[in-house]
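Participant: Here are the chains, one letter per residue:
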Amino acid sequence: MRPGLPCPRLLSDVATRDTTITIVGSGGDGVVTLGDLIAQVAAHEGLHVIKTEAYGPQIRGGESSCTVRIAAEEIHSQGAAVDVLVVFGWSDFARFRGEISIAPGALILSESSEEQPCAEDLGHIGGDSLRWVPVAFSELSRASSGTPGSKNVVALGILGGLLGLPADKLRRVMARRFGRKRAAVLEANTRAFEAGHEFAASRAGTLDAGRLDYLPGTPRLLLSGNEAAAIGALHAGCRFFAGYPITPSSEILHFLTEWMPRAGGVFLQTEDELAAIGAVIGASFAGVKAMTATSGPGLSLMTEMLGLASMAEVPVVIIDVQRGGPSTGNPTKSEQADLLQCLFGTHGDAPRVVLACSDVEGCFHATVEAFNISEEFQIPVLVLSDQAVGQRKETISAAALKHEVIDRRKPTEDELEKYERYRDTPNGVSPMSVPGMKRGMYQTNGLEHGEDGRPSSLYLTHESMNAKRYRKMWPIRDRYHGFQRFGPARAEVGVLCWGSSAGPVQEAVAAANARGESVAAFVPQTLYPFPKHQFQEFLAGVDEILIVELSYTAQFYKYLRTFMDLPQGRTHVFKRSGGKDLTGDEVAEQIEKVRGAMARQEAAR
Amino acid sequence: MSTATDLPAFQPADYKSDLKPVWCAGCGDFGALAALHRAMAKLQLAPWDTVVVSGIGCSSRLPGYVETFGFNGVHGRALTLASGVKLARPELNVIAVGGDGDGIAIGGNHFLHAARRNLDVSYFMMDNEIYGLTKGQAAPTTPAGDKTKSTYWGNPEPSVDPCELAISFGATWVGRGFSGDPKTLVDLMVRAMQHKGFAFLNVMSPCVTWRGDDQFKILKAKLAFLPPDHDPTDRAAALRYTRETDLLTTGVLYEVRQPSLVERMQEVHKKAAEVGGLATTADIIAALAPPL
Chain A
1 MRPGLPCPRL
11 LSDVATRDTT
21 ITIVGSGGDG
31 VVTLGDLIAQ
41 VAAHEGLHVI
51 KTEAYGPQIR
61 GGESSCTVRI
71 AAEEIHSQGA
81 AVDVLVVFGW
91 SDFARFRGEI
101 SIAPGALILS
111 ESSEEQPCAE
121 DLGHIGGDSL
131 RWVPVAFSEL
141 SRASSGTPGS
151 KNVVALGILG
161 GLLGLPADKL
171 RRVMARRFGR
181 KRAAVLEANT
191 RAFEAGHEFA
201 ASRAGTLDAG
211 RLDYLPGTPR
221 LLLSGNEAAA
231 IGALHAGCRF
241 FAGYPITPSS
251 EILHFLTEWM
261 PRAGGVFLQT
271 EDELAAIGAV
281 IGASFAGVKA
291 MTATSGPGLS
301 LMTEMLGLAS
311 MAEVPVVIID
321 VQRGGPSTGN
331 PTKSEQADLL
341 QCLFGTHGDA
351 PRVVLACSDV
361 EGCFHATVEA
371 FNISEEFQIP
381 VLVLSDQAVG
391 QRKETISAAA
401 LKHEVIDRRK
411 PTEDELEKYE
421 RYRDTPNGVS
431 PMSVPGMKRG
441 MYQTNGLEHG
451 EDGRPSSLYL
461 THESMNAKRY
471 RKMWPIRDRY
481 HGFQRFGPAR
491 AEVGVLCWGS
501 SAGPVQEAVA
511 AANARGESVA
521 AFVPQTLYPF
531 PKHQFQEFLA
541 GVDEILIVEL
551 SYTAQFYKYL
561 RTFMDLPQGR
571 THVFKRSGGK
581 DLTGDEVAEQ
591 IEKVRGAMAR
601 QEAAR
Chain B
1 MSTATDLPAF
11 QPADYKSDLK
21 PVWCAGCGDF
31 GALAALHRAM
41 AKLQLAPWDT
51 VVVSGIGCSS
61 RLPGYVETFG
71 FNGVHGRALT
81 LASGVKLARP
91 ELNVIAVGGD
101 GDGIAIGGNH
111 FLHAARRNLD
121 VSYFMMDNEI
131 YGLTKGQAAP
141 TTPAGDKTKS
151 TYWGNPEPSV
161 DPCELAISFG
171 ATWVGRGFSG
181 DPKTLVDLMV
191 RAMQHKGFAF
201 LNVMSPCVTW
211 RGDDQFKILK
221 AKLAFLPPDH
231 DPTDRAAALR
241 YTRETDLLTT
251 GVLYEVRQPS
261 LVERMQEVHK
271 KAAEVGGLAT
281 TADIIAALAP
291 PL
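These protein sequence lines are chains A and B, in that order. Residue 1 is where the first sequence starts when you use the working numbering, and the numbers rise one by one after that. Residue 1 is where the second sequence starts when you use the working numbering, and the numbers rise one by one after that.
Just so you know, these hints were derived from the structure itself, not from any lab. The model shown is predicted, which means the values in this text are computed figures rather than measured ones. Careful, some of the hints might be misleading.
As a list, the in silico DSS-like pairs of lysine-lysine whose alpha-carbon atoms are at most 27 Å apart [to be verified]:
| # | chain 1 | residue 1 | chain 2 | residue 2 |
| --- | --- | --- | --- | --- |
| 1 | B | 20 | B | 42 |
| 2 | B | 196 | A | 438 |
| 3 | B | 16 | A | 418 |
From just these sequences and the hints, can you work out the full model?
Facilitator: Structure (structure tokens):
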């Protein structure tokens, strides 16, 4: 179901091409395993999938939920409302109050031994259209497998039948998941699966409403944004990773502890984020492409040495997978409020480049691009991801994981003749030698220095070296002005956003365009240096501007204001705290508000 | 260790850069620097295969005065830079230098972990028991009771012994030298650089400006050497020569051979290679999406 106007939508009585399934239960219920298996089979069928998870604060156990959106056409965000809800326990559901909204006409499969809540308790807006399907999950599990622990597999059988996913593939993913355990475990689960499958067949009339209408295609790759970023790093030739675990970025570290050594590179879990960025600078100084990944609190610790990388002009890549802040904040939830820290978090004037990723595939490309820019221009590059894209799993085409790779330029013989590490050049980039080069020896430092790298406290040196370091920004802007643009060239409403907001915005714009409304969107992917010319062109083609972001203090809006005046009276800002992902419906509602205001003005005239 | 055996022998002066040290006249760091030049010549280190890293402080200016690759980083983080350089390019000779404040106060955590990991670097700590660069405040090595710019009423805190820390942290080579005894110091630096694993050398390096110009005399009077029967593999014996007040015992206090971090990383690479060699992006994709 694509997001459209925020009016009641009814699940079609025939089949759907876009459905959102949410499973809620306790830690031990296997909620995430169930979502994983469904997502894997759908991806293998060539369907488009986005899968997200949500947890309570407990390390293990406690409530958990998993949402899988499956569609026959491309999707760009998590479903705004749930079409199929599976509930193993209503007390767990209650802990996600305000975070799960149920579509009118939704199918609700809930544990029949529990008392059902009334529709109002579900925060539901569609009247009495819900289709209740009580299922004795525990009892079916016990009767088939001998334990209530297989109720997620019973649900797999039911959901497989309901969605119309091929049973043989479901059995095979299950065998892959449980095959490594004792044979008895797989056998028990197989019986549980068949019990669920039979249940679905017996309720065919009711469950038909959830059937997916699609033709199987080429299998798609199911990846998280964090995994895609890690693959991007390896693709770019990164052979040194140092990092300190922090939610929600740790999957990058988990991926690279296995794969970096297989690629012949070094993986180091450091004692803290200070050591991580220090080791990365050291490795890059030694000539090896290097990266670290963290979240907001870790980035704060890295800020001093981010300045060292700027000053010593050492290429480094830092991925910041944003979470709710400040301080410990909301570690498992997304927010877009590290923006100003990334752009301006510095003592002194410290040049850096900031890139953003708005989906899983974007995490791959932004990371490769970050290496390309940092290696060519000897500058730290920050990649701003967030929990919403970093931890969600999304289907992409394996063919999309391609990106040109640029390597660091070695000094020429001429440059080594009378080598100067920080020689002033027209584009600000100096020849960088690495240890082992006999004629390229130099001593660098975080002190201001002259072209030969020797410390200098002269005002004139400081001024000219600041100019040299910032001069790189022009060629970077010329070459890397990444942005996305949705909708027509001329539009009444122009939406501006960045990062993970792009998906919901793209869907809302497409839905508006489909209704004949004149809406477009601009999404910068290079945040600094900003693609100013392309942005100004976009501004010239729209009447009203709507800025959308998940930052309580509207950091993106404020950032734009630092370098340009936005049209007064025609600029609208929709901002709120993170903690709940942005949805297409939410954006659609804001677009309607702007259009309504325009219509009223028109009428008044 | 990378040495330049195919070339004419390097003299100590070859390791000297043309930059004039910023240190005060009479500073102990001059002795440590001269000893380092001589130790490098003794080992015939190829200058271009050698990296000297540091943090911030008087002694952290040292990389600029050595004609090798050098990196004078930020306060307390010398060992983090050293970790990156050494692990990325294990064939390089990596030497970390700095002061007691840099290594024990602000950078103490990295000291602990570099030692624990047995990181293959030599770490020379020039210990003057004070903050010199910021003009005379107390360091973690400043004796209790001492008056400094930041301890108006006398230092209310007890001090630590860097060698005791290094031994407890798991360093596999721990020595103490004195910049007023260059002969022993050169020998200690050579042995530290020859050690496979984390070698920590505490160099008592008097600050004549903020600790008084009689520091050399005071330390010289305390100077002692380890007895010939000292067993450097005996941890308990090594610890007996720490926290000394009336003596300054120099020599190799502790020395054991354990797998170094580079060696352990090589083990990791061997295991990874057994599973699946070089990973191209296509290899990774194939492994992530096995046929169903």
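Participant: Hints first: check each against the structure and report whether it holds.
Facilitator: We went through each hint and held it up to the structure:
1. A threshold of 27 Å between alpha carbons decides the hint, and for residue 20(B) with residue 42(B) the separation of about 23 Å falls inside it, so the pair holds.
2. Between residue 196(B) and residue 438(A) the alpha-carbon distance is near 25 Å, which keeps this suggested pair within the 27 Å criterion.
3. With a C-alpha separation of about 18 Å, the suggested pairing of residue 16(B) with residue 418(A) holds against the 27 Å cut-off.
Every hint from the earlier list agrees with this structure, and none is contradicted.
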